[in-house]
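> Order-wise, the sequence lines are chains A and B.
Going by my numbering, the first residue of the first sequence is number 1, and it counts up by one from there.
Going by my numbering, the first residue of the second sequence is number 1, and it counts up by one from there.
Read the hints as simulated data drawn from the structure, not as lab findings.
Since this is a predicted model, take the numbers as computed values, not measurements.
Fair warning: there could be bad hints in the mix.
Said to hold, decoys possible - Computed footprint of chain B on chain A, listed as stretches where at least three residues anywhere in the stretch have a Cβ under 8 Å from a Cβ of chain B:
| id | region |
| --- | --- |
| 1 | 93-107 |
| 2 | 170-182 |
| 3 | 238-245 |
| 4 | 300-306 |
To be verified - Some chain A residues near chain B, calculated using beta-carbon distances under 8 Å:
| id | residue |
| --- | --- |
| 5 | Thr-51 |
| 6 | Ala-68 |
| 7 | Glu-69 |
| 8 | Met-72 |
| 9 | Glu-216 |
| 10 | Tyr-217 |
| 11 | Ser-218 |
| 12 | Val-221 |
Backbone N, C-alpha and C fix where the C-beta goes; we use that ideal spot for every residue, glycine too.
The lines below spell out each chain.
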Amino acid sequence: MKKFGLSVIAAGLAVVAAACGGEEGNAGQESNGNGGDENTSEEQTEDLSGTVAIDGSGTVYPLMSRIAEEFMIEEQPGVSVEVSRAGTTAGMQRFVNGETDLSNASREIRDSEIEELEANGIETREFKVALDGLTIVTHPENDWATDLTQEEVQNMFVTGNYADDDVVMWSDIRDEWPEEEINFYGPNENHGTYEFFVDEIIEEQDLVDTINLQQEYSTLVSLISEDENGIGFFGFGYYVNNQDQLNAVSIDFGDGPVEPSLDTIDEEGDYAPFTRPVFTNISLNSAKEKPEVKAFAEYVFEYAAGEFAGETGFAPLPEEELEQQLEEIRAID
Amino acid sequence: MEYIDIDRVKKRMDKRLFINKMVKGIFFASAMFGLVVLAILLYRVIADSIGWISMDFLTGLLSTSAERAGIRGAIIGTLWLMAIVGPVTMILGVGTAIYLEEYAKKGKIHSIIQTNIANLAGVPSIVFGILGLTIFVRLFGLGASVIAGGLTMSLLVLPIVVVAAQEAIRSVPSHLREASYGMGATKWQTIKNVILPASIAGILTGVILALSRAIGETAPLVVIGIPALLIPVPTNVTDNFTALPMQIYYWTLDAVLVAEYANLAAATIVVLLIVLFILNSAAILIRNKFSKRY
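If we strip away everything but chain A, and leave its shape as in the complex, we get (with noise of 0.2 Å):
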C-alpha cells in the first residue's frame, strides 16, 4: 500500500521534472544557437539581451510587429521585443505605469497623459512613424456610396444632423440613394482612430448614438463586410487586406473624389486631409537604461520604418523627417 502510493507520486514528480527537464533542454539548445548566429551575423554592433515592451495603437500594430521581428532576426537576436496592441488610449495606461519601453499612438499624446507620466518621473518624447490615410470603408455590393465629400463624411456621422433618434437613411444624405438605414461601425474609445476621428474629421461634435463601436478591428471587418448598409471608418492597412470584403469610400475634399491608396495618403498627396502621422512614444528613461531600447529605436527610424511601411498599408515619412528623428534618438544618454 505504502509502497504503491509513493511510487504513484514518484512517477507523477518524474512527469514534472521531465516536463521541465525538457524545456530547459531545448532552451539551453536555443540560446547556443543564438549565440552561434551572433557570431557570424554581426560583426561591429555589440549583442545586446533584454526585452522591449511595446504596447498601444492596434493600427501601428502591423508595422511595429514586422520591424520588430526583422530586428530580431537581423540586428540582435538576444533581445526580445514584445508587441501588443491594446489600442492607443489603453496602451498608454501601461506606458503611465512604467509598464512598456514604447507606446504606439494613432493619435498625437494628451496633456493629460503627459502630466501623468511626469507624475511617475517617465520622460518621454513622440516620434512620427508613418502616414496613415483614414479609410471610410463599406459592404463591396453597396454601389452608391462609392464617393462621399468631405463634409458628407462630417455630416452622417455626427448626432442629431438628420432625425433625433440618429436613425439616418441613405436617402437622407443624396436623394437618389435608397431609402434604408444607415449602420454605423466604428474602433472604441480605447482606439486613438476613435479620437481622431472624433478630433480632426468631425470636429469634436458627438457620434451618432446608433454607432457600433468594437475593440477588435477583425471584429469591424467582418461586421462590415457582412452588412450592405453599413459604413464604417479604420486605418489604410486594415482596408489593404481586406480588399475582397470591403469598399473604401473615395472621398471628394473639394476637388473630384480621391481614392485612398498608398500613394495618396502621402503627406502631399490628395488624401492628405483624411491622413494623419502615426506616433510611437519612446520612454527616454528606458532608452537611457537600456540600450537595447535605443537600439531598436536607432533601427526604426534609420532603415525599418521606410521600408516596411508601404507592406503594411503605411505611407512612408519623408526621408528628411526620418533622419532628422534619427538624430534626435542618437543625441538621447
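Fit chain B to the supplied structure of chain A, relying on the hints for placement.
Leaving out everything else, chain B in the frame of chain A:
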C-alpha cells in the same frame, strides 16, 4: 356485450405508441445536436489546418509571416504553465482537502470554507485574470511572466483540485482509518501511510483535469497582458511567455491582416486539442488502473 372495445383501445394504443416514439425522437435529436455541432466544428478546424501542421510549424519560432510562423514558443510556454500549475495546485489543493476532511471540525467555519470553494469554482475566469493582473503582475511586479501566469491559472483551477481531492479522501473507507488508529498511529501517520496512498489516484485525476482546464483557458492570459508578438522561447519562470490558446486568439483576430493566420489558428487548435485529449486520456487511465475497491 363486449367487455373490451377493441377499436377504442387500438385508437388509444396508437396514440400512446406514437407519443412514445416521438419523445424518443426528441431526446435522440437533443443528444445529437451537441454532437453534430462538435462534428461541424472539428471538420472546419481540421479542414483549415490540413497542410499547415508540419514539423517546421511545431518547432519553428513565431513570425509575422504565415509561411515561417511556428508554435514552439507557445508549446513550451504551455508546458511551463503546466510545470507551475501542477505542483502549486497539487500542494495547495491536497493540503486544503486534507485539512477540510481530516482536521476541520464540521461546524460553521467548515461550511463557510466549503461553500466558498464551491463558489470559487463558479467565478468567471476573466475575474481571476483581473486578480492575477492586480496582484502578481502589478503588485508583485512579476509582469506577464511564466510565474505570474502560472499562479493566476493555479488560483483558477484550485477549486477543481480541492473538490476532487476531497472526494478521493472521503471515499477511503473509515475502517482503514480506524485500523490505523487502532495500531497506535498518529493522525499524520494515518494520513501519510493510509489515506494519501489510498486516494492518490483520485487526486491525480483531479490534478490532470485541472491542468487540462488551465492550458485551454484564454481570458486570464489576455487580461494579464500576454503580447501579441513574442518570439523568444521562455527559459525560466521570470521570462515572459505566450501559450497555445493565446496564439489561437491572436491569429484568429489578425486573420484580417493576413488571411493565412486563420489556417495557423486552426492548426494550433488541432495541436491544443491533441494535448487536451492526451491529458484527459491519462486522467481516465489513472482512474481506471489505480483505483482500488475496498
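> It remains to establish, for every hint, whether it holds in the given structure.
Hints and how they fare:
no.	hint	in the structure
1	93-107	holds (count 3)
2	170-182	violated (count 0)
3	238-245	holds (count 3)
4	300-306	violated (count 0)
5	Thr-51	holds, 7 Å
6	Ala-68	holds, 6 Å
7	Glu-69	holds, 5 Å
8	Met-72	holds, 6 Å
9	Glu-216	holds, 5 Å
10	Tyr-217	holds, 6 Å
11	Ser-218	holds, 4 Å
12	Val-221	holds, 5 Å
Violation of the numbered hints given earlier is confined to hints 2 and 4; the remaining hints are satisfied by the structure.
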